[in-house]
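**Student:** On the provided structure of chain A, position chain B as indicated by the hints.
Listed here are the chains, written in short residue letters.
Protein chains: 2
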Amino acid sequence: MMSNFDIRAMAQAARTASRELARASGEKKNAALRAMADGMLHSCDKIFALNAEDVAAARAEGLTPAFVDRLTLNVSRLEAMARGLRQIAELPDPVGDITGMWRRPNGLTVGRMRVPLGVIGIIYESRPNVTADAAGLCLKSGNAVILRGGREALRTNAAIGGILAAAVASVGLPETSLAVVPTPDRAVVKEMLTLAGLIDLIIPRGGEELIRTVRETSQIPVIAHDKGLCHTYVDAGADIAMAEEIAFNAKVERPSVCNAMETLLVHVEVAPAFLPRFVARLVQAGVKVRGCPRAQRLVPGVEPAAEEDWDTEYLDLLLSIRVVESFEEALAHIARHGSGLAEAIVTSDHGRAMRFLREVDAGAVFVNASTRFTDGYEFGMGAEMGISTQKLHARGPMGLNELTCQKFIVFGEGQVRDSRR
Amino acid sequence: MMSNFDIRAMAQAARTASRELARASGEKKNAALRAMADGMLHSCDKIFALNAEDVAAARAEGLTPAFVDRLTLNVSRLEAMARGLRQIAELPDPVGDITGMWRRPNGLTVGRMRVPLGVIGIIYESRPNVTADAAGLCLKSGNAVILRGGREALRTNAAIGGILAAAVASVGLPETSLAVVPTPDRAVVKEMLTLAGLIDLIIPRGGEELIRTVRETSQIPVIAHDKGLCHTYVDAGADIAMAEEIAFNAKVERPSVCNAMETLLVHVEVAPAFLPRFVARLVQAGVKVRGCPRAQRLVPGVEPAAEEDWDTEYLDLLLSIRVVESFEEALAHIARHGSGLAEAIVTSDHGRAMRFLREVDAGAVFVNASTRFTDGYEFGMGAEMGISTQKLHARGPMGLNELTCQKFIVFGEGQVRDSRR
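So the protein lines, in turn, are chains A and B.
Sequential numbering of the first sequence, starting at 1, is according to the numbering used here.
Sequential numbering of the second sequence, starting at 1, is according to the numbering used here.
One chain only, chain A, in its complex shape (with noise of 0.2 Å):
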């Protein structure tokens, strides 16, 4: 499909809006929020008709059910993405927070202050709802945003997009702060991805093959999730009933997003114990199970683990199981196999308790809490733009503080530097 769209202009227009929004008072940021929230509801008729035909178009080219669900709104999903808005209106507002100050022996006053970064490319996958989260997290951290989503969800998207970017322009900000790209032209998010002096960061969400394309083709930053491989570790000695309610919940409550575990690893000397009651209870509520020999031995029925068991994000219920000789044993099979999200351990040692925060190299280091507790939301910052599982900018769950960065200000009573002092 060919369109002669001007991503270029939309982003030109974005970059402009970008400038006014930084300035933007968190009042009138709060007050743009409130009206999208309103503007959502008040024209949700407009939204379930647009939403009505691309759900009767995915149905008509055959779409999976669970593809279909996700992309249907109701009302009870209209008045959540709503709510959503509203919740971010009460956040505090990161621009302009002044993160230290400190006065130099020459009596300059240096600090750090929170800035936008100017324009963020959203580039998302089927569900809808990302359209409103995504315009309301980069409204708020005094970003515009460009929101591309998938061509399934086009008719929808531009509705929402529409209607908030009404809502925007009716509280006296940019009516270009939030856009919604009007095609499902491939070309268009190639040339969205090279648009380096317009836009500041890229934001893919969705499957493993969208994300590596986007790393692939894109001159502009990229902040991404990969995967979650998370793992739960049993240490010897750790208190068996908190370690099998913590990776109870890891595995099955809700087995299909990125924080739940994949891999279970398990200290000998608390093995035997330990798993034959878990297993049980893992098979009561349907999990299957594969494990390392030593597992299998120790529990009837196990299937064997095979190499790429250890590599796979399951998404299902469906564990794998490794008996290890050591704590080290285990820390090196993390780092061999984890994917950098979320990784646990249930320990009754201070020591190693300690040894595990510091040297798992991941996002979120637990100890003796469920991988699961891996959001925005759970971590206290209010709410989320996805999870990084990269190092550089963002690591972790990513919320408005994510959206900015750090200038320096600098007070001075006119000091000049002499270099040759």
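Honestly, the hints are just simulated from the structure, not real lab data.
Don't take each hint at face value.
Computed, partial: chain A to chain B, Cβ under 8 Å [as the list claims (entries may be wrong)]:
(1) T64
(2) V268
(3) V270
(4) V365
(5) V367
(6) N368
(7) R372
As the structure is a computational prediction, the values presented were derived from the model and not from experiment.
The C-beta atom is built at its ideal place from N, Cα and C for all residues, glycine as well.
**Tutor:** Below, chain B without anything else, positioned relative to chain A:
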């Protein structure tokens, strides 16, 4: 030139070393830094001998005297490098710093801990002092480093790198914590830039072409310093004597560096009282002056500035001057032509000072001080790994903290998540 050098094996060894470095104590890293300083001084004859070979080859190739000077090591330069390493040892260790910790309603305690990035690749041009500075900063921040200097300094860098690595090994840290790429083969750099699983960050230091090539080629995140097109804006009602000192310092004290002023903006109200005397002082200091028509009318002898002057980083005793009608026009000029490195206002008006600080989009924004202070030492960060003109991860002078990332750490007592709540 072709080589069979195995950069992947070097990066793999650095990756392995990085795990040990990440958990090394501050004391051990400081001992390594002092051993590195001692090693350079003890083995200075070897360094000077190999440096003399590089210098002779550079002369034979007909490289400029300025180039040969930058390449040449002598006792005082080597002592300065050793002193730099000892100063890094005195800085606080960023690794393990907990930058915030809070308790959630469910009793989880969530915090953020600084950890090393892992492996850093530095690609730089002729100055051999970068080899020691960069090695020291990376080691202190717990990162392994791969150093790829200019081909003209190959023998010098290899000598320094070998001595530094031996010093690191002498205190019991991995010898492969730092490594100098021993070949000028460009195919090796190209391959280095593809090793995204092994190297976490690339920092190019050098001219515009080097940085553009690295940015376009690298599959690893890059932090770079583009250029420094810095403005000083003299506001209406500014203290004229202060403005003269600040602007003179920004232009003349060291014109060849990125934080020197390239364009002076002067409010029309203050221009008649300020410009004639200031330009006379510049001319006396050997500065050539170009200006807009208004500046030319005020000061006879000023050459006309062409449109491209406003976008040119002179790095020389050359200044372009523009008289503006308003504060807004100054902001617009800076937004259009500034490179985002450093910008200064000289003003007596508090409101405009604060607007300039907030609204100017640059790594460092100054009120009543010279842009020449844009520097890690001057800001009190101790030592710097260059100045980032990017917004992501690090903006402005990069100190030790900017060579780390922050992970979330979570202490629980058995908490599990219930999404249905």
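**Student:** Hint by hint, say whether it matches the structure.
**Tutor:** Each hint, compared with the structure:
1. T64: violated, 23 Å
2. V268: This interface hint is violated because 23 Å lies over the 8 Å limit.
3. V270: violated, 16 Å
4. V365: Holds - the Cβ of A/V365 comes within 8 Å of chain B, reaching about 5 Å at its closest.
5. V367: Check passed: Cβ of A/V367 comes within 5 Å of chain B, closer than 8 Å.
6. N368: holds, 4 Å
7. R372: holds, 4 Å
In terms of the numbered hints stated before, the structure departs from hints 1, 2 and 3, listed from lowest to highest.
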